[in-house]
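Protein chains in written order, with full-length UniProt numbering: chain A, 1 to 236; chain B, 1 to 301.
To be clear, the hints were calculated from the coordinates, so they are not data collected in a lab. Using N, Cα and C, we set each Cβ at its ideal position, and we do this for glycine too. Certain hints may be false.
Unchecked claim - Computed, partial: chain B to chain A, Cβ under 7 angstroms:
#1 A72
#2 P88
#3 I273
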Amino acid sequence: MSTLISSTKLHLNKREITFAVPLYITGLVAVVSVLISFLFWRAGSQPGSEGWISGSQSNPGILYSLAGFLVYLGVQSVATTFPFALSLGATRRGFAGGTVLWAVLVSAYLAFVFAVLTTIEIATDHWFAGFYVFDVYVLGAGDLSRLLPTVFLGTLSMLTIGGVFGAAWLRFGARGPQVIGVGVGLVLVLALIVLIPSAAEILGRFELWWLAVTAAVVIALSSAGMWSLLRSAIVR
Amino acid sequence: MTNTIEIDSVTRQFGRVRALDSVSFAVPEHSFVGLLGRNGAGKTTVMSIMAGQDRPTSGNVTVAGHDPFEHAPTLAQISYVRDNQRYPDDYRLHHVLRIAPNFAPNWSPEVAAELVEGFRIPARTPIKKLSRGQLSSVAIVLGLASRAPITLLDEPYLGLDVTARAFFHTVLLRDYEDHPRTVVFSTHLIEESASLFDRVVIMDKGRVVLDAASDEATETAWVMSGTTPAVTRLTGNAQVLSTSTVGGLMSATGFGALDSETRELAQELRVQIVRATLQQLVAAYGANDAASDRKEEVRSA
Chain A
1 MSTLISSTKL
11 HLNKREITFA
21 VPLYITGLVA
31 VVSVLISFLF
41 WRAGSQPGSE
51 GWISGSQSNP
61 GILYSLAGFL
71 VYLGVQSVAT
81 TFPFALSLGA
91 TRRGFAGGTV
101 LWAVLVSAYL
111 AFVFAVLTTI
121 EIATDHWFAG
131 FYVFDVYVLG
141 AGDLSRLLPT
151 VFLGTLSMLT
161 IGGVFGAAWL
171 RFGARGPQVI
181 GVGVGLVLVL
191 ALIVLIPSAA
201 EILGRFELWW
211 LAVTAAVVIA
221 LSSAGMWSLL
231 RSAIVR
Chain B
1 MTNTIEIDSV
11 TRQFGRVRAL
21 DSVSFAVPEH
31 SFVGLLGRNG
41 AGKTTVMSIM
51 AGQDRPTSGN
61 VTVAGHDPFE
71 HAPTLAQISY
81 VRDNQRYPDD
91 YRLHHVLRIA
101 PNFAPNWSPE
111 VAAELVEGFR
121 IPARTPIKKL
131 SRGQLSSVAI
141 VLGLASRAPI
151 TLLDEPYLGL
161 DVTARAFFHT
171 VLLRDYEDHP
181 RTVVFSTHLI
191 EESASLFDRV
201 VIMDKGRVVL
211 DAASDEATET
221 AWVMSGTTPA
231 VTRLTGNAQV
241 LSTSTVGGLM
251 SATGFGALDS
261 ETRELAQELR
271 VQIVRATLQQ
281 LVAAYGANDA
291 ASDRKEEVRS
301 A
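Could you put together the complete structure from these sequences and hints?
Spelled out as structure tokens, the structure:
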């Protein structure tokens, strides 16, 4: 008997925050992006011009705005749901597995939604007015074969990073997330110190799949860390 | 009779704090056990361990024949909602009612609906904004509607008004009769719930100080009341758990059979001796350190 599927259902039980709130945020960012485009239009930039397209596609707002929410969602999926899951009879193993499965489902859902919205945006010649919200460089500039893995892996990374921070809070209190944050920061700074002399060479050789591998490593480490922390976490 | 829960020499240490100190007791199948004692006595900690939500530092716990920690088939048989249960952010009642059946194979929607209506739990208010009594009501819905073979009720009365408590008793007894289960029930409202218990386990400072069938628990417990010199004289060699003095009068709660000579002397000294109630016994075991030097640890099988 496994509590993995039940734990996934426990997360999916909050339908609005799981499925609707990301859409609300996306919609809000779309409106803000359109307003900014209007601003540029009024300032003299012409929709459809090379500068307009290049400037619009360089806007990564859609990614940044969702990232914060997704990390929060990941944190609360563990920090506030774990005590209730234990009370219902979930095992720690089942809860950790169910949480990762839920994160995979949410990531697939968002990747699908973004793919649909991008397709609509391109099909309508950018909402009939030259507005770029989803057809942006950071999401693959309209290339679905890049957009789907980008949104899926990006969302999964954010959710699992949030999950490991939530698990650290459950296990060690406020010190847990602080230690992880400081530890990750130190590792990144040390890596930069080592790599900075070769930065130009590395950037020259950069391939997109490096990001996918990095995301996969982050997801794997975060999921394993979450499970490891929850194994010994107790509810008091 | 087989034991559904067996706690064997369980110690739980939190840093320097020893929450449980070599605790041992058993809960027979389909019995109704009162887990009693002061705040901080260790009741919630031992219930957490029974529910597999925590692990002992040392000792063994067996629930339905298994260590409950991470054992899904055993956990599926247990219902345990903490007195300070946390719920996911923005949860409302319908979230609880929708998800609980996924974890509780014996979930009864009829019992849940009856309790929700009887307790008048608001459906639209976020759970984190419910009153203390309403939170207890939600916990009771989870505890009773799950019809779990092992039901652990941790302070279910907290904040409940008298009508709600009576309603809870009615549903609890009726459903227990129809669907027998093993119940461990911690509470401070001892007078109201004493009649429910088959057994009582009294804890103090992380230790079990009494483990007995409920009718035997107070059988040899007594309260003596009279003038301070008279009570002091009578309790000289007795097992006194606690004393309280007001002016020249003293009341002593103790444990152990009193011989006829003592009783005759009590009459002579105009000292009243009455059988202690369970509440008086629990209060006596939990009396402050000032009286603890007169406390005797009593453990019986």
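Next item on the list: Go through the numbered hints given earlier and state which of them the structure violates, listing their numbers in rising order.
Entry: Hint 3 is the one this structure does not satisfy, whereas the remaining hints hold.
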